[in-house]
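K.L.:
Protein chains in written order, with our numbering: chain S, 24 to 188; chain W, 24 to 188.
FYI, nobody ran anything at the bench for these hints, they're computed from the structure. Bear in mind that the values here come from a model prediction, so they are computed numbers and not experimental data. Any given hint could turn out to be false.
Claimed, not checked - DSS-like mimics (lysine-lysine), calculated; alpha carbons at most 25 Å apart, straight line:
| # | chain 1 | residue 1 | chain 2 | residue 2 |
| --- | --- | --- | --- | --- |
| 1 | S | K39 | S | K134 |
| 2 | S | K182 | S | K118 |
| 3 | W | K118 | S | K182 |
| 4 | W | K39 | W | K182 |
| 5 | S | K59 | W | K182 |
| 6 | S | K39 | S | K91 |
| 7 | W | K143 | S | K154 |
| 8 | S | K91 | S | K134 |
| 9 | W | K118 | W | K91 |
| 10 | S | K182 | W | K182 |
| 11 | W | K39 | S | K39 |
| 12 | W | K39 | S | K154 |
| 13 | S | K91 | S | K118 |
| 14 | S | K154 | S | K39 |
| 15 | W | K143 | W | K39 |
| 16 | S | K154 | S | K143 |
| 17 | W | K59 | W | K118 |
| 18 | S | K134 | W | K118 |
| 19 | S | K39 | W | K154 |
| 20 | W | K134 | W | K59 |
| 21 | W | K39 | S | K143 |
| 22 | S | K39 | W | K143 |
| 23 | W | K115 | W | K182 |
| 24 | S | K59 | W | K59 |
| 25 | S | K154 | S | K59 |
| 26 | W | K39 | W | K154 |
| 27 | W | K59 | W | K115 |
Claimed, not checked - Now the stretches of chain S that chain W is said to cover, found in silico as 3 or more residues with beta-carbon under 8 Å:
| # | region |
| --- | --- |
| 28 | 25 to 36 |
| 29 | 59 to 65 |
| 30 | 154 to 164 |
Claimed, not checked - So the derived list for chain S, only partly shown, Cβ under 10 Å to chain W, looks like this:
| # | residue |
| --- | --- |
| 31 | A81 |
| 32 | L85 |
| 33 | L88 |
| 34 | G89 |
| 35 | Y93 |
| 36 | P137 |
| 37 | T145 |
| 38 | T168 |
| 39 | L173 |
| 40 | G176 |
From the three backbone atoms N, C-alpha and C, an ideal C-beta is built for every residue, glycine too.
Protein chains: 2
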Amino acid sequence: MNIDARLIDSALRGWKLNIDRIDEFFHPLSEEQLQKEIAPGRNRLIYLWGHITGFNDALFPLLGLGPKLYSDLEHMFLSNPDRAVPTIYSGKELKRISTRINDSLWGAYSKWSPAEWVEKHTSVSGEDFVKEPHRNRYTILLTRTMHMALHFGQVVLTKPRKSTS
Amino acid sequence: MNIDARLIDSALRGWKLNIDRIDEFFHPLSEEQLQKEIAPGRNRLIYLWGHITGFNDALFPLLGLGPKLYSDLEHMFLSNPDRAVPTIYSGKELKRISTRINDSLWGAYSKWSPAEWVEKHTSVSGEDFVKEPHRNRYTILLTRTMHMALHFGQVVLTKPRKSTS
């Protein structure tokens, strides 16, 4: 493996690590347990799960992979705060939806060459991209991985006290 | 900039983004505000700041840059839970210490070539590294960036409710 392939491999491992630990955290929870707030008066677990899922679904258009798979996630979990939308996906639905999104993204990630990874994402114009070449797919992969880690740090606060690091 | 340099640039931006938002969060806080817990009965802000700082300080030996700069961080904020060690660094001290650690790390990061980034870290043997070449400095950079993001997600919970994403 040459250097650029190794650098991409590291980033994909970071993405996968977060997908896996989020799945492992949420999958065993009942609908009732998903109603728990991460701290008094803050987001519920179900909302954060939908939020992470919706953020990842938005990667399809951003990375040039086509439209979102579940456009309802946007108003349920991104553009509105928790409890603002009366009907949201259940845990059972989010399990199925997030698995489909993550599997499809992984399929695309696995195919891109290093040159394809540093192509521009769709929110930047060709002109701006010349001046700001870091606005590429790979940077998006890294920032979305950080986004998952950030919210994972919050949801683990609902687990019995032991270690959060 | 060729592809591998661009991939490294993206990761360095992710590191810097987290260093900056953590500094921006903690620097204005008084010693009293740093006593606040992220959630009832959980870690105090001062502990998490020290924890992040200690984790980053441990990068010096792990990346082959020499010994830790502040070995006391280990027992104060890593190997013991919050409130277990009677005397810990103050916010004023952590501000100075974390700045020195982060500046020194950044100095090293800025000098490494792509080939140096994919060299093995010091916790893996040469023999194991042949089988597991992802155990390199670059992977450490990414995982430690995720570590900062994870705890940043927790500390922002102490801010007045608005957005946590």
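K.L.:
Could you run down the list of hints and mark each one as holding or not?
P.N.:
Do the hints match the structure? See the list:
1. K39/S x K134/S: Answer holds: K39/S to K134/S is near 15 Å, not above 25 Å.
2. K182/S x K118/S: holds (19 Å)
3. K118/W x K182/S: violated (30 Å)
4. K39/W x K182/W: holds (22 Å)
5. K59/S x K182/W: holds (20 Å)
6. K39/S x K91/S: Within the cut-off at roughly 20 Å; holds.
7. K143/W x K154/S: violated (33 Å)
8. K91/S x K134/S: Satisfied, since the Cα-Cα distance of roughly 19 Å is no more than 25 Å.
9. K118/W x K91/W: holds (17 Å)
10. K182/S x K182/W: With a Cα-Cα distance of about 21 Å, the restraint between K182/S and K182/W holds, given a limit of 25 Å.
11. K39/W x K39/S: holds (22 Å)
12. K39/W x K154/S: Within the cut-off at roughly 20 Å; holds.
13. K91/S x K118/S: With Cα atoms ~17 Å apart, K91/S and K118/S stay inside 25 Å; holds.
14. K154/S x K39/S: Not satisfied, since the Cα-Cα distance of roughly 31 Å exceeds 25 Å.
15. K143/W x K39/W: holds (22 Å)
16. K154/S x K143/S: holds (12 Å)
17. K59/W x K118/W: Holds: K59/W and K118/W sit about 17 Å apart, inside 25 Å.
18. K134/S x K118/W: Cα-Cα ~44 Å, so violated.
19. K39/S x K154/W: Judged against 25 Å, a Cα distance of about 20 Å means the pair holds.
20. K134/W x K59/W: The given pair, whose Cα atoms are some 38 Å apart, is violated under the 25 Å limit.
21. K39/W x K143/S: Holds, because 21 Å separates the two Cα atoms, which is no more than 25 Å.
22. K39/S x K143/W: Holds: K39/S and K143/W sit about 21 Å apart, inside 25 Å.
23. K115/W x K182/W: holds (20 Å)
24. K59/S x K59/W: Holds. K59/S to K59/W sits at ~22 Å (cutoff 25 Å).
25. K154/S x K59/S: With Cα atoms ~45 Å apart, K154/S and K59/S exceed 25 Å; violated.
26. K39/W x K154/W: violated (31 Å)
27. K59/W x K115/W: Measuring from Cα to Cα gives roughly 16 Å; hence the hint holds.
28. 25 to 36: holds (count 9)
29. 59 to 65: holds (count 5)
30. 154 to 164: holds (count 5)
31. A81: violated (12 Å)
32. L85: violated (15 Å)
33. L88: violated (19 Å)
34. G89: violated (23 Å)
35. Y93: Hint on Y93/S: violated, closest Cβ of chain W at ~18 Å, above 10 Å.
36. P137: With a closest approach of 5 Å, the P137/S hint holds.
37. T145: Since chain W brings no Cβ nearer than about 17 Å to T145/S, farther than 10 Å, the hint is violated.
38. T168: Nearest chain W Cβ about 7 Å off; hint holds.
39. L173: holds (4 Å)
40. G176: This hint holds: G176/S lies near chain W, its Cβ roughly 4 Å from the closest one there, short of 10 Å.
Of the numbered hints listed earlier, those contradicted by the structure are 3, 7, 14, 18, 20, 25, 26, 31, 32, 33, 34, 35, 37.
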